[in-house]
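Produce the entire structure from the sequences given, and follow the hints as far as they go.
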Amino acid sequence: MSALLLRGGRVVDPASGLDQVSDVLIHDGKIAEIRPGILTPPGGEILEAAGRIVCPGLIDLHVHFREPGQTKKEDIHTGARCAARGGFTTVVCMPNTSPSIDNAGTVALIQERAKSAVVRVEVSGALTRSIAGEELAPIGSLAKAGVVALTDDGHCIQNNELMRRACEYARMFRLPVMDHCQDYGLVTDGVMHEGLHSTVLGLRGWPASGEEVIVARNILLAELTGTPIHCQHLSSAGSVRLLREARTRGVPISGEACPHHFTLTDAAIAGSEVFWKGDGSGIASEFFGGHALPSWPAYHTHFKMNPPLRSAADREAILQGLVDGTLTILASDHAPHTQSEKEVEFDDAPFGIVGLETELTLSLMALHHTGRLGLSALLAKYTVNPARLLNLSDGRGELKVGGPADVTVFDPDVEWTCDRADTASRSQNNPFHGWRLRGKPTATLVGGQFAWRP
Amino acid sequence: MSWTRRHLLDLQSLSAAELTTVLDTARAFRAIGERSIKKVPALRGKTVVNLFVEPSTRTRISFELAALRLSADVINFTAESSSLKKGESLKDTVRNLEALNADFIILRHGASGAPQFLSQFAHAHVVNAGDGAHEHPTQGLLDVFTIRERRGRIEGLNVTILGDILYSRVARSNIWALATLGANVTLCGPSTLVPKVFESLHPRIRVTWDLEEGLRGADVVNLLRIQHERQRISAFPSVGEYASLFGLTPSRMATLSPDVIIMHPGPINRGVEIASEIADGVQSVILEQVTNGLAVRMAVLFLLNGGRQGELAA
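Residue numbers (this note's numbering), protein chains in the order written: chain W, 625 to 1078; chain C, 203 to 516.
Worth flagging that the hints you see were computed from the coordinates, not collected in a lab. Backbone N, C-alpha and C define an ideal beta-carbon position, used for all residues, glycine too. You may find that some hints are simply not true.
DSSO-like mimics (lysine-lysine), calculated; alpha carbons at most 27 Å apart, straight line [to be verified]:
| no. | chain 1 | residue 1 | chain 2 | residue 2 |
| --- | --- | --- | --- | --- |
| 1 | C | Lys293 | C | Lys240 |
| 2 | W | Lys966 | C | Lys293 |
| 3 | W | Lys768 | W | Lys739 |
| 4 | W | Lys901 | W | Lys654 |
| 5 | C | Lys293 | W | Lys696 |
| 6 | W | Lys739 | W | Lys1024 |
| 7 | W | Lys739 | W | Lys654 |
| 8 | W | Lys901 | C | Lys398 |
| 9 | W | Lys966 | W | Lys901 |
Residues from chain W shown here face chain C by an in silico Cβ test under 8 Å; the list is partial [as the list claims (entries may be wrong)]:
| no. | residue |
| --- | --- |
| 10 | Thr823 |
| 11 | Tyr923 |
| 12 | Glu940 |
| 13 | Phe970 |
Right, here's the structure in full:
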């Protein structure tokens, strides 16, 4: 098998602390050597990486690939291609498919399809049967089938006793429990953040407390059971505050953030004019230069997701939580929906947006280009941190000689304009259409093979 | 004279000059409504579709009569009888209506923002006849018109809106029009239905949960119906408790200025938000609102069609 030399890039490996200009030699699908001045092996290919960042293949532990059952939105192969284009080499599929991933047979089906996907597609299993929140799913057989985590994502177990037992039971299998934090009583049929904009627009509010109540519940249950609980896609300042306090005390609780929650706010639902004049003015001046600001009307359903976009204060608290280490993981919550599903009244549109192809970029913009977080600390949230949470013991999430050559190369500074039609996804529900963005992957390697290159 | 809009989607975005243009035009139409021949040819050959995805009788009838008096052809399309029930999307329904060359679509819809959504692809003029808890612009216009006709002005008046504000599109349209035209707006009702966040909408708005304070100095009291259908968990313990805390009774009425006018968009719940004798009393303008609603809706259709006020003299 031929060799590949990534030459002259800035190699950043958060796991080892390595951050220097270096060469990386890949041989037989594995990392053979990392040091400056490696000579080109005979017959080997060279990828010039000067000015680029070379880092462990990125991991997104929160994607919806819609297979089985909803493949008009996405399937494992199209989703994996999105991941590769976004710089991701491992993804974890959420179990709210149709039927849901609550049995070993469905896990096997996805694993079979994943064999021919361009990136590594892992599976999370449901905590409860049919994600109905009523009785435990066969967690033991899901573990045996190879799921890497358990979650009812898209739904949330409301019964605290059931959640407690699920956590206790999962501990036996060393599987992390992940939770979509939503109290149904407080949220009811809310469709956007409860605040000034929901009041003006006359849309049902989804109050931040509807998330925070469950984050608090999860902290208490993580303490009670000792099972690590990971709070998915956190959106509110209160959630960050609760998590910070609990982590200080050593409670096994963690949280993730998605780029839309730390880039956009609920003002976007009032239309682009309101957003750019208010909460978006900083982004406009920092990243758009002389370029035209994208425009969209009020009630645009590409800004409808669950949990919803929140206030500017919440957005700032999420960023602060990422900076101070309260939030350890970045993820997309890639949630494709077709145009006809989204092109309806706001109340009737499904929640969710695509994200795999823009998330690294948006994270770089909000955290790296603004100088708030060092590159290595940022990339830890896409590499070693999710790898540890998922107990991936095969060397993924780090650059290690002898480990799998899952490597991402990106240009942190290249400027480009996002076009929602330029995607590998089956869906185009992308709120960043027309945005001026900075930073982009230039190659994604899975096991030493190009999963994607321009 | 200031009107260049293709659609009427909300009152939030209308300027004082635009609001005044509608009110002035409505006054001309009210005069026409008092003639023996009430019809004008302004919309002859035009087709107006009343697309009512959420049931309503009085608003639909008012729009229908407004269109007929402007000599338009009118089609009534309700959710019960329509393909929307069979799963057709709003977009497809409207495209079908436009294939019949509809010129105006009057939309009543339970989802906030539905008229904005429709206006993005419709070629016809879109008129919002009430969307969710967002706005009901023609109701707001007819309320403001009624106030101006009775009190001679809007600026500087103290207007109290009493009742369910949170779920009310009527309240929001009134708030924007009144604040833009310079009235002071007091929102009053139970704390579950009148959240403080409304004070952030405009500096001229204040919220109070105390009826006595809410009524003090009022020139106009606009009572809103309690919308049981939009509440998930009852926002107050009982209709009886609501009536005792917030109902407009004769003894509370006695504390108000004799010039005060009492408004209600209907349908009224006698004995709940308003005592019967007040609803039927001399200060009540409830039926005048209905009459004015027709004139306002004629004015809106006329202006959207490119009509100029001067044309009405003939």
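Phe970(W) as chain C interface residue, shortest Cβ-Cβ below 8 Å: Holds, because the Cβ-Cβ distance from Phe970(W) to chain C comes to roughly 5 Å (cut-off 8 Å).
Hint check, Thr823(W) versus chain C [nearest Cβ-Cβ separation less than 8 Å]: Constraint on Thr823(W) satisfied, holds at 5 Å.
Just to be careful, I want the Cα atoms of Lys739(W) and Lys1024(W) compared with a cutoff of 27 Å; is the pair within it? 24 Å, holds
Regarding the pair Lys901(W) and Lys654(W), is the alpha-carbon distance no greater than 27 Å? 50 Å, violated
Take the C-alpha atoms of Lys966(W) and Lys901(W), compute the straight-line distance between them, and say whether it is at most 27 Å. Within the cut-off at roughly 26 Å; holds.
Taken at face value, is the distance from the CA of Lys240(C) to the CA of Lys293(C) at most 27 Å? 35 Å, violated
Holds or violated: Lys901(W) with Lys398(C), Cα cutoff 27 Å? 24 Å, holds
Between the alpha carbons of Lys966(W) and Lys293(C), is the straight-line distance 27 Å or under? 11 Å, holds
Are the Cα positions of Lys768(W) and Lys739(W) separated by 27 Å at most? 18 Å, holds
Restraint: Glu940(W) near chain C, CB-CB cut 8 Å. Satisfied or not? Violated - the Cβ of Glu940(W) stays beyond 8 Å from chain C, reaching only about 19 Å at its closest.
Double-check Tyr923(W) for me: the hint is only fine if its C-beta lies closer than 8 Å to a C-beta in chain C. This hint holds: Tyr923(W) lies near chain C, its Cβ roughly 3 Å from the closest one there, short of 8 Å.
Holds or violated: are the alpha carbons of Lys293(C) and Lys696(W) at most 27 Å from each other? Satisfied, since the Cα-Cα distance of roughly 20 Å is no more than 27 Å.
Figure legend: structure checked against the earlier numbered hints; hints not met, in rising order: 1, 4 and 12.
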